[in-house]
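Enquirer: Below are the chains, spelled out letter by letter.
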Amino acid sequence: MTKPIIQFKHVQKSFGANQVIPDLNFTINQGELVTILGSSGSGKTTTLKMINGLWQPSAGQVLIDGQPIDQLDLVQLRRHMGYVVQQIGLFPHMTIAENIAVVPKMLGWDQERIQQRVNELLELVQLDPTKYAHRYPNQLSGGQQQRIGVARALAVNPPYVLFDEPFGALDAVTRLELQKEVKRIHESLQDKTFLFVTHDINEALYLGQRVMVMNKGQIEQFATPEDIVTQPATSFVKELLGTQQQNRDLWRQYHD
Amino acid sequence: MIDYWNANWSTMVVDMQQHLAMVLASLGIALMIAIVLIALLMRRPNWLNGLVYFFSLLYSVPSFAFFAMLLPISGLGMRSAIIVLTVYCEYVLLRTFITGIQGIDPALVEVAQGMGMTRRQAFMKVQLPLALPAIFSGLQVALASMMGIATIAATINAGGLGQLLFEGLQTQQTVPLLWGTILTIALTLICAGVLKMIEWALTHRWKAALAKN
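In order, the protein sequences belong to chains A and B.
Read in order, the letters of the first sequence correspond to residues 167 to 422 in the working numbering.
Read in order, the letters of the second sequence correspond to residues 822 to 1034 in the working numbering.
Same shape as in the complex, but just chain A:
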């Protein structure tokens, strides 16, 4: 049942003299929703970009479905790996329908199938196809744009979807709504592996079936949200949870 689908083995990454990731090892199983939690500079986005090959590790090995990534055709791999990024990920010169159709078109789907899929996906992310399909990204709100980002990543029903802080720039209410959406979508689709990078501890704990806490290119703890809250493995994780505690205290103080 637990089939390792993404594996890092002694992965190292440096940019020039600056070592971002000294030695990274982890395994993600098929069908998991894993969140990677870390502050900026923790190496979380670097890790994500090594999974779709946008960046190559300086040393060590990345295995996708058991195969070393450097032996895979990266272009083909990426077409089967959904990718959602922060904010401006949508192409401003293409309509919503055209944005969603980018990968299906590259895979040579026929027009009818593409259109059907676009409608299906817009309904999945709860936007009315007749109303939105032919608008341009700039005519949508930030939250709606990110829904389209998610829909586009799911276009060809890829076995993996990578999220790179997709909701970072949204207001709290919209963000919560979209988090629920992502969770619902993950539950409704079988065997999809979701990897979600975030710096928001609430987001990480709420979404992740397992949470990978990263700091300075290393994993501080990789466990279920429950374990992280009840048994923080390192002082860094404790500190991180402490900030949450502080927030709660503050909130309580004003509430009473």
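The hints are simulated quantities; they were obtained by calculation from the structure and are not laboratory data.
Honestly, I wouldn't trust all of these hints.
To be verified - Among the chain B residues that face chain A by a calculated CB cut under 8 Å, a handful are: (1) Ile854; (2) Leu929; (3) Glu931; (4) Val932; (5) Gly935; (6) Met936; (7) Gly937; (8) Thr939; (9) Val947; (10) Pro950; (11) Trp1027; (12) Ala1030; (13) Leu1031.
Just so you know, even glycine gets a beta-carbon here, dropped at the ideal spot from N, CA and C.
Once you have looked at the hints, place chain B on chain A.
Expert: Here is chain B on its own, set in the frame of chain A:
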């Protein structure tokens, strides 16, 4: 004025045709060269910068001297004229295209590649279309200046509206000078209008969407 037109309209129409042919041919050739150069050298900004620098040197050569220098190589006539005009165009086009393409958010290009586009697809489907407004403004500048410079080409027997101007100069007549000027301006305006229409057809939909916000 009208008498001159009535007496010479057939030669003047030919002049206009030659003028148009020279300018459009050089603009077309320069456009193709610019796109190929940029597509090939995008990943080597140093080479591209060197090339732009090289063309900027050529651009600073006075057109009259440039025409004269080409005479031993490509002889009198329209061929030399087109070569010179193409070189001038190239500088303007490369400069504006590069600025336009570099102005596109690199994150967008990374997303395109992250979705599985090859470098070429990312260039053709994302960078080039988004750079179209800059590309067209470069074409407009090139067009207007080539219309002017092309008049000098009459000195090397390339024809064009410059013939009217030089005729006016040599015979000290105002009428052909005026006709040459008016026709050059008219031709420029018409071509600029056509360019604008092409640009509009290609970009108005998404640009309108951008402008609303």
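Enquirer: Next step is simple, just say for each hint if it's right about the structure.
Expert: Tested hints:
no., hint, in the structure
1, Ile854, "violated, 25 Å"
2, Leu929, "holds, 6 Å"
3, Glu931, "holds, 6 Å"
4, Val932, "holds, 5 Å"
5, Gly935, "holds, 4 Å"
6, Met936, "holds, 6 Å"
7, Gly937, "holds, 3 Å"
8, Thr939, "holds, 6 Å"
9, Val947, "holds, 6 Å"
10, Pro950, "holds, 5 Å"
11, Trp1027, "holds, 4 Å"
12, Ala1030, "holds, 3 Å"
13, Leu1031, "holds, 5 Å"
Consistency note: the structure conflicts with earlier hint 1 alone.
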